[in-house]
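Asks: Take a look at the letters that make up each chain.
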Amino acid sequence: MCLAIPGKVLETYDRKGLRMSKVQFGGVVRETCLEYVPEAKVGDHVLVHVGFALSTIDAEEAARTYALLDEIGQLAELQIPQEPEE
Amino acid sequence: MKFLDEYRDGRVGQGLLREIRRAVTRPWVLMEVCGGQTHSIVKYGVDRLIPAEVELVHGPGCPVCVTSLEMIDKAHAIASRPDVIFCSFGDMLRVPGSRGDLLKLRSHGADVRVVYAPLDCLRIARDNPEKKVVFFGIGFETTAPANALAVQRAKLEGVANFSMLVSHVLVPPAITAILQSPENRVQAYLGPGHVCTIMGYTEYEPIAAAYRVPIVITGFEPVDLLQGILMAVRQLEAGRHEVENQYSRVLSRHGNRAAQALIFEVFEIADRKWRGVGTIPKSGYRLRYEYRDHDAERLFEVEDIETRESAVCISGQILKGVRKPPDCPAFARECTPERPLGATMVSAEGACAAYYSYGRHLEDATAAAKG
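Quick mapping for you: the protein sequence lines, in order, are chains A and B.
My numbering puts the first sequence at residues 37 to 122.
My numbering puts the second sequence at residues 1051 to 1421.
Derived by calculation from the structure, the hints in this document are not laboratory data.
Bear in mind the structure is a predicted one, so any value in this text is a computation, not a measurement.
One thing to keep in mind: the hints can contain errors.
[Said to hold, decoys possible] Now the stretches of chain A that chain B is said to cover, found in silico as 3 or more residues with beta-carbon under 8 Å:
no., region
1, 40 to 50
2, 54 to 67
3, 104 to 111
[To be verified] Calculated from the model, a selection of chain A residues having no Cβ within reach of chain B, i.e. all distances over 12 Å:
no., residue
4, V78
5, G79
6, R100
Beta carbons: idealized from backbone N, C-alpha and C, even for Gly.
In isolation and in its complexed conformation, chain B is listed as follows:
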């Protein structure tokens, strides 16, 4: 069924495009930090509809992509143990570590299961009391309450054979790190709508003020994106730098406070290494000491594993908005979704995978051939 309402109506989109054209007087670089927004932008060609002065770059908006190779190798080491049932979101199955991916481990006999919800792991743990059930707890703030709930309930209900390997990442420290980078090009952000549904957007207000960047919390429909772009461009042109909420029909300034309280009951803020970017201070969650009996990193002593990333891959620069997927010599050649070399290709929501799956590399090749 096709919806033809104000959000799908081409006229609304055309009107917004006209307003953007009217507002722009010089070049601006905007970054989105939500894999869903990146997907939507590339699929509907939003980046090509807007005036050439407005460049969209794609930030580290996919938690699967930015999970460090060390953490993936740690997951694989735990999953390989015969006494473990390793549970994960489906997106992590194909992400290659230093020695293959979880699917390969499963084909070698490891008990690796895809679950819909973290809470489902408690049921698996109760059904398999002789096994240790470990969940790979990745995600941005949107996923944090569901993960926190599973750990909280395991403690409360005495499910001693359940633990979580936590590799949570947070949006505000990541966008701050990008702004602090000497090579930074980003002048405004489109903020992540569903992350802010939980967290609200008060955390973004000091960032906008300190770095003088507009931040517009935005949905991921094409019309939402156009409206978010318009709001950001108007701020840039007027020299304003505020947090605005384009997605007010879904979220409020303070978010879901009860869910935030759940997160901070179970997790505390910690440094986190991001694939392609490096360690960003205070950019992740880890389990609080009170929940140490459910912390897989404490329960399974996994040695630090030497990892090596591809030398050609430029995913670090792509995640910071300095370069784009077609700038990489390996893009769509050695590096494809089947054989990813780095962070932005490993999951469907990464910028390189989005460009690849919507055939941008084919168009670019055609354009080059016509040259």
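Isolated chain A, as found in the complex:
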């Protein structure tokens, strides 16, 4: 459960002073905190762990890592529903 999952930043926004974003993982979109990866922009790929972006990575690395996580059955957390805040 300590593995981070790569996703693509779709949009960024501010919520109560925190830099948040919508990040796409395969067919799923999750709200992700981007505050600690200030360099990440829309279209970039980020490594995300439980809603928190740890770092940016390149697109090729992201695709490869995502495919591997899928193969070793480590994407289950993306199935957990998340209700959007107001």
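Let chain A serve as the given structure and place chain B on it in line with the hints.
Replies: Coordinates of chain B only, in the frame set by chain A:
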């Protein structure tokens, strides 16, 4: 979609295997300390591809597995209260405490919810002002910033009915404890890639120097693992003991410093009991005093609960790399992922669960029958 690039190309793997064979002149024991690496090694049979001289043992790389029975029982006691909404990562739901697991509690009417992100609990807390929302904050360093952020925001935004039961564990003190053990066999480590994405690897440098062990921070693709093994074996054969970074395409020596600052604003280092291993000094995080109003251990007075572990289970020795899952008389017999007896079987990322889910026990039984 299958990727066939340099990291999946069999030729690269074959080339690395050839280099490992060329480098090895005598037996070595290497330990990985990341549940994802353990999974990948067993799934792709990396431990069987490499020369027999190089033995891979599987360290305490799964935070779910090493969460102490006392802490799980504490979680269950809190979750059982009618005024509590207990939130957790999904991995913790099936981990048995002394009296069943969280799923069982839920079937008895407790409000237990699986959340994707710790920050989602703040929303649940705001939506349920009459309830106390408690999050089970477990994990290694990778999870610490997300957990710290939830507590920091709760204080900042005045979400008074949110608290966290913190049971964080840290990699460097655990690998040090293994090296200090008189029965230690580990001669080199493959370090955890995603933990170091946050923390960097400067903490590992004094360990490598003091215990004269190579530590190679490694990713978890099969090719990453082979390359990490090669780098570690080359160091061992040359008598070197340095920290090297195989995973440099993802992480740097200093990690994410802003995220580290967030962790240490909210948490401080504390002793922590590890399931199967015992208490390791300074091996975990707890909430700082400034965040005491969000500390579930302070808010809910839970008595110390008497716990008892299985007498046959050897998970403690497996976590230290002294023995392997098939060495246990209970493995795949009394002890299965459905009815786990100890730490290394309780979560999918534990070494015993990985061996079980990839059918290693069936092969071993076949081999024994052919004997």
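Asks: Starting from the hint list further up, note which numbers the structure goes against and sort them upward.
Replies: Going through the list in order, the structure violates hints 1, 6 and respects the others.
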